[in-house]
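Engineer: The residues making up each chain are set out below.
Number of protein chains: 2
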Amino acid sequence: MMDEKLWFVEQSNYKAYENPKYETVFTLANGYRGLRGWLEFSNYGFPGNLIAGVFDKADSQTTELVNCPNPLVFNIYTENEKLDIDRCVVLDFARKLNMKEGILYSEIKLKTQKGKIIKIASERFVSRSNVHRWGIRYTITPINYSGKLFIENIIDGSITNNEFEPIKKVKHLDVKKGYDLDTGIAIKVVTKDKGIEIVEGTVVRGIGDILQNRKYGVFGEKVREIYEMRVKEGKDYTIEKYGVTYTSRDTDKDPYYLLEEDIKSYLEKGLEKELNLHRDKWKELWDKIDIKIKGDKKAQTGIRFNLFQLSSSAYEKDDRISIAAKGLHGEGYKGHVFWDTEIYMLPFFIYTNPEVAKTLLMYRYNTIDGARKNARENGYEGAQFPWEAADDGTEVTPKWGVDYDGNPVRIWTGDEEFHISSDIAFGVWEYYRTTKDKDFMMNYGIEIVLDTSKFWSSRVEYNEEFDRYEINMVIGPDEFHEHVNNNVYTNYLAKWNIKKGIELAKWLKKEDTNIYEKLLNKLDISEDDINKWREIESKIYIPKDEKSKLIEQFEGYFKLKDITIKEYDENGMPKWPDMEGCKLGETQLIKQPDVVMLMLVLGDEFDLETKKENYEYYEKRTMHKSSLSPSMYSIMGLTVGDTKNAYRYFMKTVLTDLEDNQGNAGLGLHAASTGGSWQCAVFGFGGLYVDKDECLSLKPWIPEKWEELSFKINWRGAILDIAITQEDIRVNSTDNVKIKVFDKEYFVEPNKDLTIKALAYNN
Amino acid sequence: MMDEKLWFVEQSNYKAYENPKYETVFTLANGYRGLRGWLEFSNYGFPGNLIAGVFDKADSQTTELVNCPNPLVFNIYTENEKLDIDRCVVLDFARKLNMKEGILYSEIKLKTQKGKIIKIASERFVSRSNVHRWGIRYTITPINYSGKLFIENIIDGSITNNEFEPIKKVKHLDVKKGYDLDTGIAIKVVTKDKGIEIVEGTVVRGIGDILQNRKYGVFGEKVREIYEMRVKEGKDYTIEKYGVTYTSRDTDKDPYYLLEEDIKSYLEKGLEKELNLHRDKWKELWDKIDIKIKGDKKAQTGIRFNLFQLSSSAYEKDDRISIAAKGLHGEGYKGHVFWDTEIYMLPFFIYTNPEVAKTLLMYRYNTIDGARKNARENGYEGAQFPWEAADDGTEVTPKWGVDYDGNPVRIWTGDEEFHISSDIAFGVWEYYRTTKDKDFMMNYGIEIVLDTSKFWSSRVEYNEEFDRYEINMVIGPDEFHEHVNNNVYTNYLAKWNIKKGIELAKWLKKEDTNIYEKLLNKLDISEDDINKWREIESKIYIPKDEKSKLIEQFEGYFKLKDITIKEYDENGMPKWPDMEGCKLGETQLIKQPDVVMLMLVLGDEFDLETKKENYEYYEKRTMHKSSLSPSMYSIMGLTVGDTKNAYRYFMKTVLTDLEDNQGNAGLGLHAASTGGSWQCAVFGFGGLYVDKDECLSLKPWIPEKWEELSFKINWRGAILDIAITQEDIRVNSTDNVKIKVFDKEYFVEPNKDLTIKALAYNN
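Those protein sequences? They're chains A and B, same order as listed.
One point on numbering: in my numbering, the residue at position 594 of the first sequence is 697, and numbering is uninterrupted.
One point on numbering: in my numbering, the residue at position 277 of the second sequence is 380, and numbering is uninterrupted.
Incorrect hints may have been included.
Copies of the same chain are indistinguishable here, so a pair counts whether it falls within one copy or spans any two.
To be verified - With a cut-off of at most 27 angstroms between alpha-carbon atoms, the simulated BS3-like pairs for lysine-lysine come out as follows: (1) 318 x 295; (2) 222 x 272; (3) 118 x 219; (4) 808 x 391; (5) 686 x 647; (6) 662 x 723; (7) 271 x 185; (8) 160 x 279; (9) 280 x 297; (10) 715 x 694; (11) 212 x 118; (12) 222 x 318; (13) 295 x 279; (14) 118 x 214; (15) 318 x 502; (16) 318 x 160; (17) 635 x 602; (18) 271 x 214; (19) 318 x 279; (20) 318 x 271; (21) 271 x 222; (22) 118 x 222.
Simulated from the structure, these hints should not be mistaken for laboratory data.
Nothing here was measured: the structure is a model prediction, and the numbers come from that model.
Construct the entire structure; sequences and hints are all you get.
Structural biologist: Shown next, in the form of structure tokens:
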């Protein structure tokens, strides 16, 4: 029972202003779509029905993920008084996300203005079994009266994007048609630019003949049916709501036909049947992804929340889509895909669900033509992946934003944050290194690595004076500094990218000359070119401090005003130091790890002392003004033996959305942070890494209060079950695996526990 | 200053659930349209933009007045936080309807969730000078912050009818087009059945260059523009909102052209100019209509409210429309016109503004073809006016309603409440008697009287046994009893109607044989027919008690279970007596005056004893379950010398909407009650009546606490100013007038006060 509680995220107090946050936290998604945890009985909040891949620009500054018609509208009227939580006395309020089963439970008891008390319990799910389906079961109990209720089922096509920023409100959908499914309703909308058709259908069904006198109607952009109910005091009335969604992305025919058919069979089999299939899927999933932290309930629930929502964001059957920075959980960042996916989220999938990881990379492969277009347009060669990506690989970063005072500011990331291309190439490599999926690498992955290599070789600028290649006018991961030259993260990864390109070309030539030649032909790369790459990568400039192991974030960084963090807030997060009249970009303060990030991504390229020295230097200068920041400092801290901050950074990461510690959870999931949470647990506390010899290695450390940390990973097809306690490390595997623990080699035999006792890793 | 207060209706406390009531109370109307006093900053309530004559059926049970696009939407965002009174702390709240000037003032100070305090003052008016125009002046003051505001101006075409009764929600409008007036916005909608086009346009204009970065857009059925404002703490920012409306009822061309032109000139001249013209019109109006009650502030404000809203409901320039039972103040009774207009409201206009009275009667004349159609369809002859009327005189009473338990009940009034036809004929006569407008009577009025006479002569049934004419299966004014035979009100007025028809036919023949013959020809009435009418009217059965002067409400009424009222509630209104197991229709309890009504309408047909006896009998049996009831008992009480209840019934009438004592003020004005209020004051306390010799007569009585009651009336072109105090009666006139005061004749010379002292009328 106690254990069950560790599967729940709970809200026990209703405050209207918290609705947007809980909409994100209680989003139910299945990778195909996300339904924000919108509360049907409140006017306040931002309903979100986000279907992966449905992008549109219309009057927006740039293309964005479309907020589709809201099918959740479900109004209850006692007599003619609308049940509105914000006008009622809230007698009871509880919402619980059961992460184990992927079900959002709620139980609300309200007293209306007219004194009627009504209880509404509900279970909501978005099916992982059939991604087009979702459902809700309502149980309505009139506590202190008998009489008439009306039940109004609406699909609201009037929805717009950016409701939360009214001046930017954009309408992407035209309503084409309302359908009377009798019973049930459906709507067909079409996006303005690309003509993507979306059909949403819902059917409400009363258990027993309780829904009467149905009326159907189309009200402008809303389709509705309304029913009468005669209710008796104290009796429970159950209504099932069935939802089905299709879009023209799913079919060449009219998606309405698919909807009609699917809704029919859904109704025939019933809600409980789908709910069971859905539960089974989550059971399968949890068996792969769960991380157990014994002795720390908050961490346990927290990490599960991150795993739950990250898993909910992926759909392995559609390789035209990826995971957006805000998941399918909100409109923030316009549903765009960033480096967050490859660098923060991908490792989770690589190690737990490689099928999904492959799909995410295939999305990049499938959008590489857009990346090529970007390169051409910017005067480069090869494939330049966009800093922000939507559905076709072209750059969709908005050019303008506003600062805190509301002044317009030019956004330069789309022009200058080049490192995304090597981040993707790295993702390809990391996937391959872990899975050894040769088919993927030969047919798809290598094309990404080679074409990004080609891009970099055209992007670098030769500096004759120093006989070196430079990459100027860039933004590194730390976005406080724009237009910088030779950002070390960018340069190092560009160098790595080209090197990996050369290495893989050689490999492919050996593996399959035919494919090799075809590919070089396709990419218009000659062997001369590859030789030229060798020269370039060897001469790419990496700024370093001459007297120490300190790496200079970019050329001239050390000459900036050296302001360091002196004070921390009650959560242990840095307070802004006195800027001494400087602008941010004139100081050494950084937003998030940059050099440290590099040392995490390419861990085996740097020795421990270098890591330590740089960690210590940069940690004092990092403001953590990105949710991508704390997790990485946690991992690096554990790597270099600075365990004092690791737990705090970990919890900060894990609770990003649950405690809304970035203040913008309402806009969607901090998806990078969910991936960061997993990395913190597995790469940080678990100390898992792949060494230079591609051997899986562990150097774990767990906080004193943790009794046990355990997780599973998929290493080249073998499922390893790893448990770390204060006394030992246990490894179980489905296959023979060689593993290093604190640099010592072990061989794990199938289904035989390897236990390593009395470790020196504890403090 | 004190006196000024008597011109205000005030709301000083904000409670969301009271919004609908205040929307009605604060409606601003000019007869062309009514704009409900919708509060822009709340989600709760029922906006109403009701344009007289715009009727449509669509999916409604019967044709109804269409709720037109809401042009009042005006959202303010502090940063991106919408100013929503229901989410704010309400620091100050005051709304005041200045009835003298026809301006709704409001001053609201709110603290947002984020702690921003903002004050919004506004003045709203609906012009009486140019009925197409309305306007608002907002003054916005950020009290404790500087920063950014957004101002969102929207016209909402998604509005539907019957929002307050969701199962009956009906959409009447299709949005045809949004217009970018740059600056300003407009919308064109069209009604579903009749294709009436409505265009609404609004322009917001900042005083000083305060509105910036305008964005225009159409969002489905909503047209909007949004502006940015940079505001400074403590500074006032003034924004004027200009509104203009036209419909295809106003023009043969595209109404948009009229709007475009009108909005241009409106903007050129400015808001203040229109406001001044509007104020002037109200000044003119009040000079005619005001009733002064000194010594009783509540009565003074109350009576003015009734005069204000009744005057606001009429538009003398459009004789295709009349005044609905709920005015232009709400959707209640579907914007239909009942006998309320002729019997309750018309006297006010006849005596203060005969031009309007004529227009109201011309509406009946213009819809007489519909009345003829009703008669034909029901198997009768002549003109049968509809119990409920919309735009063409055909019967539009819904056939079905619901009882308190929500069970469907057949509504019989449209089938059986025949007295409306003679009520209208009576209105014609009353207008003529007071104005001597011969032109109207000869060309229009008489046609109504003759064709309703013809109707009645076909409607009566001859009873051979008793050699009498009966009218069976009817509903009288008391709607508790349906399907009754020989309702005395119905029979008596039918008799009167035919008699008046005969009399007027004779008169017309003498006045203008040509018109007379043409008319008889047109109506297919022969002189033989008229002779037959004579026989009919003389034999119409009037049920009476044999042993007393008591009139039996209908045949068999006295045999019903005689339950009388025993207890009264805290407002002095009857409580339901023990029904002793009977159904309502099986008892002598009545909803509202019926016999008493008859004795008021045809006052000179009954002697004082008859009135007294019947008043006393029926008063004990009247439940006042209609807002049409108390006023009539007040007048009759004063007539028969029972002054004890008169004031209470008067105040009940006057405060019907202000105190919402019928519990449904939210659905619209109780317009009959506004007319009843005037009648109570003038016919009741003023004791004004026209005697058998058509001499204007006065028998006033005023309550002890009233220092003076004074009012003006128009009697055959002479404006009489009548003041009644505890000591004397003063009459002033613009012309020579003969007048009786307590049955004694006086001659009033122009502009010379006639003062009659030391009266015996006080108790």
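Engineer: The structure should be examined with respect to each hint, and the outcome stated for every one.
Structural biologist: Now the hints, each set against the structure:
1. 318 x 295: Close across copies (19 angstroms), not inside one copy (31 angstroms); limit 27 angstroms.
2. 222 x 272: Cα proximity of residue 222 and residue 272: across copies only (26 angstroms, versus 35 angstroms in one copy).
3. 118 x 219: Classified as both: same-chain Cα gap 21 angstroms, cross-chain 18 angstroms, threshold 27 angstroms.
4. 808 x 391: Answer is within: at 25 angstroms inside a copy they meet the 27 angstroms cutoff, but 87 angstroms across does not.
5. 686 x 647: Within. Shortest intra-copy distance 24 angstroms satisfies the 27 angstroms Cα cut-off; inter-copy 99 angstroms does not.
6. 662 x 723: within (16 angstroms within a copy, 99 angstroms between copies)
7. 271 x 185: between (31 angstroms within a copy, 14 angstroms between copies)
8. 160 x 279: This pair counts as both: shortest intra-copy Cα distance 19 angstroms, inter-copy 24 angstroms.
9. 280 x 297: both (18 angstroms within a copy, 23 angstroms between copies)
10. 715 x 694: Close inside one copy (19 angstroms), not across copies (92 angstroms); limit 27 angstroms.
11. 212 x 118: both (15 angstroms within a copy, 22 angstroms between copies)
12. 222 x 318: So residue 222 and residue 318 pass the 27 angstroms test inside one copy only (25 angstroms; across, 44 angstroms).
13. 295 x 279: both (11 angstroms within a copy, 18 angstroms between copies)
14. 118 x 214: both (16 angstroms within a copy, 16 angstroms between copies)
15. 318 x 502: Intra 48 angstroms, inter 18 angstroms, cutoff 27 angstroms: inter-copy only.
16. 318 x 160: Only across copies: residue 318 and residue 160 sit 16 angstroms apart there, 36 angstroms inside one copy, limit 27 angstroms.
17. 635 x 602: Result: close within a single copy only, 11 angstroms intra versus 116 angstroms inter.
18. 271 x 214: between (37 angstroms within a copy, 25 angstroms between copies)
19. 318 x 279: The answer is both: 21 angstroms in one copy and 26 angstroms across copies each meet 27 angstroms.
20. 318 x 271: between (36 angstroms within a copy, 9 angstroms between copies)
21. 271 x 222: Intra 38 angstroms, inter 25 angstroms, cutoff 27 angstroms: inter-copy only.
22. 118 x 222: Classified as both; 18 angstroms inside a copy, 24 angstroms across copies.
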